[in-house]
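Engineer: So the sequences go chain by chain: V and X. Take the first sequence: its position 24, counting from 1, is numbered 24 in this note's numbering, and each next residue is one higher. Take the second sequence: its position 127, counting from 1, is numbered 127 in this note's numbering, and each next residue is one higher.
Among these hints, one or two may not hold up.
To be verified - For lysine to aspartate or glutamate, the following EDC-like pairs were computed, each having C-alpha atoms within a straight-line distance of at most 16 Å: (1) V:58 x X:212; (2) V:54 x X:212; (3) V:58 x X:242; (4) V:54 x X:242; (5) V:58 x X:244; (6) V:54 x V:27; (7) V:58 x X:211.
Unchecked claim - Derived Cβ-Cβ restraints for the label pairs, each shown as a range: (8) V:97 x X:50: 31 to 39 Å; (9) V:98 x X:2: 58 to 66 Å; (10) X:46 x V:41: 49 to 57 Å.
Unchecked claim - A few chain V residues facing chain X, derived, Cβ under 10 Å: (11) 66; (12) 97; (13) 101.
Just so you know, the hints here were simulated from the structure itself, not pulled from any lab data. In this text, a Cβ means the ideal position worked out from N, Cα and C, and glycines have one as well.
The chain contents come next:
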Amino acid sequence: MTLPFTDALERLTRVRGVRGAMLVAGDDGLVVAETLMEGVRGNAVAALAASLAKRLRKACEAAGGGIPRFFHLQAEGGTLVVVPAPDGVLVVAVGDRDLNIGLLRLEMRRVAEAVV
Amino acid sequence: MVDDIKAMTAELARDPTSLVFLNLGEALRARGQSEPAARIAASGVVRHPDLPSAHDLYARVLVDLGDFERAYHEWTVVLELDQRHFGAHKGLGFLCYRWGDLDGAVDHLELALAADPRDQSVVHALQRVREGTAELAAPPEPAEEPAAQRKEGKEAEEGGKEPAVEPVVAADASPWAALEGGGGRGVMLADERGLLLSGGLEGADLGEVGEEVAAYLAGAAQEAGRAARLLDFGAWRSMLVEGEGLNLLVTPPTDDTVLLLIRGHTVPQGRLRVLAERASRSARTWLEEQQP
Chain V
1 MTLPFTDALE RLTRVRGVRG AMLVAGDDGL VVAETLMEGV RGNAVAALAA
51 SLAKRLRKAC EAAGGGIPRF FHLQAEGGTL VVVPAPDGVL VVAVGDRDLN
101 IGLLRLEMRR VAEAVV
Chain X
1 MVDDIKAMTA ELARDPTSLV FLNLGEALRA RGQSEPAARI AASGVVRHPD
51 LPSAHDLYAR VLVDLGDFER AYHEWTVVLE LDQRHFGAHK GLGFLCYRWG
101 DLDGAVDHLE LALAADPRDQ SVVHALQRVR EGTAELAAPP EPAEEPAAQR
151 KEGKEAEEGG KEPAVEPVVA ADASPWAALE GGGGRGVMLA DERGLLLSGG
201 LEGADLGEVG EEVAAYLAGA AQEAGRAARL LDFGAWRSML VEGEGLNLLV
251 TPPTDDTVLL LIRGHTVPQG RLRVLAERAS RSARTWLEEQ QP
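All chains, please: the whole structure from these sequences, using the hints.
Structural biologist: Listed below in structure tokens is the structure:
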């Protein structure tokens with residue numbers, strides 16, 4: 001993991017309630033960089049996040065919504081958030097159910113711009 | 001009135017940064033002088049880009065001129081500056097209705113009513129849109145306008161060039177008929193195999209795309225379930241997708257169905273979740289009624 005990526009992801013993990021963050025290759029779901037809490041299976045989460053983003057992107061485009069810029073999966077016990085970067089990399093964050101989504105989205109967009 | 005316009009014009013010439021352009025634009029608009037009003041409003045927007053009233057005035061003048069696309073943009077800017085702006089929600093409600101988006105019209109008119117519950121024109125417009133049978137006859141009036149001036153402006157517009165536009169209403173009787181003014185536009189229900197159960201999506205450039213979207217959504221719902229289980233998050237509750245021009249909110253009304261609600265960016269996401277919850281309840285009721 002390169003230092004700039006680490007710095008970028010650590011910005012995300014400083015948001016209260018974020019358990020970990022990753023950069024994921026959007027095409028194949030492979031982890032590019034990660035800062036995850038222990039117990040989170042990074043490779044599996046990355047693959048699922050990429051697959052989920054791909055399907056939602058197709059749905060969004062088919063529905064006339066254009067290219068998505070933010071995905072937010074809300075579950076009973078937590079949250080998965082994905083922001084696509086311009087070069088096809090996905091910025092992925094995993095966090096608590098009640099984290100500040102607005103702040104996290106802001107930080108993730110900054111990371112997405114920074115990793116290009 | 002003419003003297004007032006002269007006085008305000010002189011004042012604006014003395015001090016181009018003066019907010020008198022708002023009253024001057026309104027006065028010109030009330031006299032049916034849309035082109036001069038547009039120049040005044042456009043200049044005001046340039047000088048005061050963070051002033052919601054400036055964009056609101058410009059939007060209403062653009063409606064007078066028949067430039068609905070740019071009016072939509074200006075009101076969108078107003079809502080970025082002030083999410084509860086009465087005039088912007090009322091104006092966007094009018095445009096949504098004009099474009100046949102009854103759901104969007106109801107959304108914005110409800111938000112306008114929340115901003116000013118006393119405004120009877122919005123009460124009546126909302127009622128008519130919900131009934132889906134009547135027309136919004138004229139472009140919206142400014143929120144702060146005195147009653148006498150409002151009457152004058154309305155009379156000017158009634159003699160104007162606005163053609164009546166029939167709303168586009170989907171034909172099927174669906175769970176959404178009582179939800180958002182009827183029609184089911186921008187809301188659909190699919191099963192876990194990706195088959196459309198009710199509602200649908202359509203657009204001028206898209207045709208009917210409900211079946212295609214339903215197929216993708218079923219796959220996304222499966223992936224959402226897998227991701228939530230992997231992360232030990234329990235059941236998934238919603239998926240929000242921010243597109244370039246639309247927000248999509250996906251929820252599972254039941255274990256084996258998925259519901260999609262689509263709205264423009266001007267509808268706040270919290271509001272979108274309230275609508276989705278309402279739609280989910282309607283979907284569950286409808287699904288129970290379909291049981292043999």
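Engineer: Indicate, hint by hint, whether the structure satisfies it.
Structural biologist: So, going through the hints one by one against the coordinates:
Simply put, residue 58 of chain V and residue 212 of chain X have alpha-carbon atoms about 9 Å apart, close enough for the 16 Å limit, and the pair holds. Taken as a hint, the residue 54 of chain V and residue 212 of chain X pair is honoured in the structure, with Cα atoms around 15 Å apart against an allowance of 16 Å. Taken as a hint, the residue 58 of chain V and residue 242 of chain X pair is honoured in the structure, with Cα atoms around 13 Å apart against an allowance of 16 Å. Distance check on the hinted pair: residue 54 of chain V and residue 242 of chain X sit about 14 Å apart at the alpha-carbon level, within 16 Å; holds.
Restraint check for residue 58 of chain V and residue 244 of chain X: the C-alpha separation of about 13 Å stays at or below 16 Å, so the hint holds. Restraint check for residue 54 of chain V and residue 27 of chain V: satisfied, since their Cα atoms lie roughly 8 Å apart, inside the 16 Å limit. This hinted pair checks out: residue 58 of chain V and residue 211 of chain X have alpha carbons roughly 13 Å apart, not beyond 16 Å. In this structure the hint that residue 97 of chain V and residue 50 of chain X lie 31 to 39 Å apart at CB holds, the actual value being about 35 Å.
Our hint of 58 to 66 Å for residue 98 of chain V and residue 2 of chain X holds, since their Cβ atoms are close to 60 Å apart. In this structure, residue 46 of chain X and residue 41 of chain V meet the distance hint of 49 to 57 Å, their C-beta atoms being roughly 54 Å apart. Annotation: residue 66 of chain V was flagged as interfacial toward chain X, and the flag holds, the nearest CB pair being 3 Å apart, inside 10 Å. The restraint placing residue 97 of chain V at the interface with chain X holds, with a minimum CB-CB distance near 8 Å, inside the 10 Å limit.
Contact between residue 101 of chain V and chain X, as hinted, is supported at the beta carbon level, the nearest pair being about 9 Å apart and thus within 10 Å.
The structure shown violates none of the earlier numbered hints.
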